[in-house]
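Visitor: Need the complex rebuilt from these two chains, each delivered in its own frame; the hints are there to steer you.
Sequence lines, in order, name chains A and B.
Each step along the first sequence adds one to the number in the numbering used here, with nothing skipped, and position 10 is 10.
Each step along the second sequence adds one to the number in the numbering used here, with nothing skipped, and position 333 is 1333.
Just so you know, the hints here were simulated from the structure itself, not pulled from any lab data.
Some clues are possibly wrong.
Computed from the model, here is a short list of chain B residues facing chain A with C-beta under 10 Å [said to hold, decoys possible]:
no.	residue
1	F1059
2	D1062
3	L1089
4	R1090
5	G1091
6	Y1096
7	H1155
8	A1170
Computed footprint of chain A on chain B; a stretch qualifies when at least three of its residues, placed anywhere within it, have a C-beta under 8 Å from a C-beta of chain A [to be verified]:
no.	stretch
9	1098-1107
10	1116-1125
Glycine residues also receive a C-beta, built at the ideal position from the N, C-alpha and C atoms.
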Amino acid sequence: MAALIRMIAQRLALGVLTLFIVSVVIFFATELLPGDLASTLLGQAATPETVAALRRQLGLDLPAPVRYWNWLTGALQGDFGVSLANRRPIADLIAARLGNTIFLALYAAALAVPLALILGILAALWRNSVFDRAANAGALTAISFPEFFVAYILVLWLAQSGYFPSMVRISPVSTFGEKLYMAFLPALTLTLVVTAHMMRMTRAAIINLMAQPYIEMARLKGMSPLRIVLRHALPNALAPIINVIAINLAYLITGVVVVEVVFVYPGLGQLMVDSVSKRDIAVVQAIALIFASAYVLLNLTADVLSTLTNPRLMSKG
Amino acid sequence: MTGEVLLEIRNLVIEGRAGEEWSRILRGVNLTLHRGEVVGLIGESGAGKSTLGLAAMGFARDGCRISAGSIRFDGIDLRTASERVKRGLRGKRIAYVAQSAAASFNPSHKLIDQYAEAPVTHGVMSRAQAEKDAVALYERLRLPNPEEIGFRYPHQVSGGQLQRAMTAMAMACRPDLIIFDEPTTALDVTTQIEVLAAIRDAVRAFDTAAIYITHDLAVVAQMADRITILLRGEEVEENDTRAMLAAPRAAYTKTLWAVRRFQRADQPPPREAPLLSVRKVSASYGKKPVLHDVSFDLYPGRTLAVVGESGSGKSTVARVITGLLPPSAGEVMLEGASLPPDYRARTRDQLRQCQMIYQMADTALNPKLTLRQIIGRPAAMYLGLRGRALEARIRALLEMIELDPDSFIDRLPSELSGGQKQRIGIARALAAEPKVIICDEVTSALDQIVQEGILRLLDKLQSELGLAYMFITHDLATVRAIADDVVVMQHGRVVEQGTKPEVFTPPHQPYTELLLSSVPRMDPDWLTNLLAARAASD
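Pulled out of the complex, with its shape left as it was, chain B reads as follows (with noise of 0.2 Å):
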């Protein structure tokens, strides 16, 4: 692991234009990584990782520029190389892998044309020897058919088998230096295990450099020989994996070591009838079946958490429970009374009873209407609020959400952070006095530190108003954070249900049991240890 020094950045400045004004992304960051080692970058979304990754290529986005300090790569100055040098760099010796495959990969063309295109151009190999090299790859990657999975186009193949793609395509020239940046961020648990799996021993087979970037602490504890931490620009911790996950230094490190402290208090179990009960529905898209005989329980005070990978139903099922897709088969009982199948034959105090909030906060919030207007307009429509009644509700509900309301009732969502979009969004929904509120991924775009703010605030919320929560969600940590019960579905069937410490308690079902070894954990060896054991048990 000591070998030459392969890359190294010092004192590196990069600079963002907002309008007129140039701030500062990273101020003064020093990396140096030596030939096949590994270093995980650790930050949330600002604190400048992506910026530095692309940084190692001589890369700044449209609109960023590198305004001091140095980039060095084996000998060669970045800062001062021309176009025409770097871009005989970028994809022969130093490589990216995007977060999402899904949208880095042109979808106009077939994997094996992308995946050719830099060793051709570049002069490496024949188009003849890439193929057959692709398929090399293509199976040490574990990709399923590596002879033909190539000669399709990117929207024929799942998420995690296109982030796989996407490290083939990578090393296709035998890069020095492989910048991964999130790509597992966008993927299930289980596929996210597999994924690092291919990652790690394509890495290590070819003693490839690479630069890990991440928010997830338990992932890049599987990956990385080193780890930085970034915090706005700056670096604030740096250390072998091992020492740092051993015995953290800086106090912004500790912070995001004990980021799940927020744990709900234990419930009594539910005494009352259920508020909402879901009774063996069936629904589909068109002639595909996509949820089958699903039925569960939804009690007031208490917060259900569904969980499954993505296209397992979760989202489907809160579509049924509002209205927008009418089951074929089953009902949906409100109070005891059977709620008509389709939105548009509800009352409008049936309507009232059930709102959601979004995963995308950002697109969920019309960017052309204040916060006044966001969140007065439910409370119009659904309880006739008028003029100073109105006003006094909208600012009751923002603080409420703990934003106040003399500097935030006139903005618009674009001068809103993530964390206080999404808190409008909540805002938006308490707005119609409702029983059940369903949450769709709320958290999952967001940052640790804000996520668990965000919980918090539902949890305080739940207890004030007795509200009812549906919690979709496919990671496990916010449901050990937040369920009273738990459903766990997969295939659009129900695998498990019951209160929280019934599902995590051994024994669970084969699924449950899956999901939940998959999670990663603070150890540098979970993923090896986790991988022999399922080896052995096959």
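So that you can see chain A by itself, here it is in the shape it has in the complex (with noise of 0.2 Å):
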């Protein structure tokens, strides 16, 4: 338990450290994007003496490791300052958005990791049988179609015909059953997306492990094949599956860009499109360093749970 402890405090010392080098990256980045702020806001208006107003009042004309300074202790704070573009706090901007991701997040989770893992499992229970053949070919297919491809097609069959909204119009007073209604097609989208990945994981994870002697043992034993892949395979199998389902996981924070703007749901992907195309720098700035921070997050967890799996390394040291 000391050992997993140790563990779990040096991979957060190191998830610090990698966010600390994603900041500078962002920051230094962001930097070098072309175009000027305080011109791009004045638009006609811009003289060079109203330019040079608007970029001291903005703090523009600082230099940039003071600027970066300033913005990282801020951000430790949970101020990342105002947008550039409407002078809102972002934090404000952001925390309604924030949960509205990871509620879509969360719900395509809960709708791709257990079929998957039932996908997998059952793929691998038969594996070379047409069930297989089938849940390999629909799930490639579900990949291989760009997402929002995938989103539209929905849109057509579910959305035309009425069943579902196209449009997700969640607003603070959404009860939790409106939101789940509302939010099932980019929730369906994305898990047809991620599924695959992680049912021909847990397949294969599987699958390599049934040449194990121990396996041929729990045969000998007379044990059931369910049982022999539930019991005696997956166990030792889950490493591997937990690592893809935390990469899948991030992916369905940071990476719904596409289906958040098919959808208009008010998540944070959609935030950073919009801030990228106004130029505010400051919410890209901040919006990224949430995604470094789910990404850091999910992986570290991963790595714990995967640890916890293994009796070897649990009882060492």
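Guide: Shown next, in the form of structure tokens:
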């Protein structure tokens, strides 16, 4: 147990270091973007004097390292500054959106993870059967189409016929049931996109183990095929499966830009796209940092869970 | 011993698939087993022993099929029985003990969970009853801490203990028949004795019938009432153990008896200075010390056998000599000059002088390279050979290891037998023209007849080239066959060293005595007498 805590502390420290490096990259990468916010904001009214005045007001005249430092210390306290475009605090802008994005990610994960695990386990159990081939072919087809295409197909089938809304109008007063109903199509799109990867890893990880002597031993003890897969193969296959699930969960949070735009879903991805087009660099930076944190945190969780599933690692030290 | 017939196998043919072809693994084998009887199944690898053992459970491995003959277990035809019926028998009435307990226990579950699985799933007893029963069986098999050992994971238990825990697991439902598939082959001799004694005692106590599969005649002589000898899927000879040991009939059986014919001629004592000296070497893995103050010398043209059980540090000495593990104290001298402790600091010529041959030829050869590339690389790297000179050298080396260059030079390792692969390992070591070759358990993965061929080849090369061998092994029969000098190691220390006659002639050090007395003999009463003698001296 002490070893586990030490490992978590170590990974957390590494995660913080990673985030620090990411923050440097984000800040200075956005610095390199062409164009100047002050002149964009002023548009027609941009004279050299007004631009200089606005730059001073926005703090854009300070040297980059100073601005980076101010930004970082602010971000650490949850203060990402104000939106350069509409002067509202970025933290407020993001808070509601972040909740929506996490809701959609969890919704899609709640559909996709059990589906992928069950399909993967059954495909491994009946490998090379018609079911196995159909599941593989279906999952690969779903992953091969671009997300927006899947999304529009679903809109065509399920929204045109009036079963589900094609635009997600979630407001703070929506009930949980309403949210589930309205967000069904984006969640289904995401499910179709991420299931294949997790399912195929589950199947491969289990089949990889089926030649192990302890699997033969279980067969020679008269155990049923389902029990062999669930009790003898799956526990040893969990580490790679957990890692793939973590990567896909991170994708559900950070990779949903296209799906959010198609369904007009009020999440972080859409906000990011808007902010990029408005050159609202401060918002882009904040969102990028949140996305990076999601990746780091989910991978840390995956590492810890994989360790927990392995008694050899658990009892060491 | 002449109770009712429990298992009857008639004209059994099992085929295995290689690509598109089906080839016969068993070619019409008969086997009859009575209740409470132990039959020994002997043969080299590939003889079909395990296939026959598994067939007794109505089981054929993936890629194999039972194509003719009958298997009747207690009136049930296992060839026609449904999977359901067979599942009901397996683990309950017929159980299996595998060769490698470490690989055959599931690493994710505690021993007790794996023990209780069969009795609970087959509805023989409740989980609580199974746990109680397990403790009694663990005790009967003389496992330490029987109350508590079941609550450990497989990786927390030693190999010999795991093998006994697996026997306990097989006995959980008190089966009528247990298949033991080489249960002690992977164990040290001293551990083997404990496991053999425990298995024999438990099998007798519950009057269980057993099929005991092994390639070691001396082991089976201790365990079996009758012996069946298999060669390439066919029965060669079958008889009562004592009758067969006294008078083997078939020619093949006689060759098995005489397999330890090879005996290296005694060498005169060394006159030259030592070629390689290990001086007061201590070494550790991390903080864990593994070698303490180890010293010995290796002379040109002589073979030094380093003997000890697993964990005694014998392979670690080889790692120190080759510079893979720099020692924490002491040094290694080559021809009187100190070698840098780390291989990265050694010159190419120093590296060339000392080559290794490994235990698992399978994993020590790159499967994607042809023999020309495998043997040619050290010759090109150390000696700078190119073009025609290199080709000639590779061919000469293949001839030295008695493989025809024309037919072998472009083959891949997968196109070779186990013994041929080990010969390639030897050729690769020779290609560097070394003075010292370290052989790390080079024969222990091979059948006895193949082993003999490798030992003869090594001996021939030694007298032709004046090589010094350091031969790491746990097999004392190999030591008797090839060693000039012997170093006995235990717990990282040298407990005895000297010339072979000195070490093998009584009086012995206590540990050497234990090792020597633990080597099974062809006498069926050997184990009984040894256990009685040890009990008396305690």
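Visitor: For every hint, state whether the structure bears it out.
Guide: Verification of the supplied hints:
no.	hint	in the structure
1	F1059	holds (6 Å)
2	D1062	holds (8 Å)
3	L1089	holds (7 Å)
4	R1090	holds (4 Å)
5	G1091	holds (4 Å)
6	Y1096	holds (4 Å)
7	H1155	holds (5 Å)
8	A1170	holds (9 Å)
9	1098-1107	holds (count 7)
10	1116-1125	holds (count 4)
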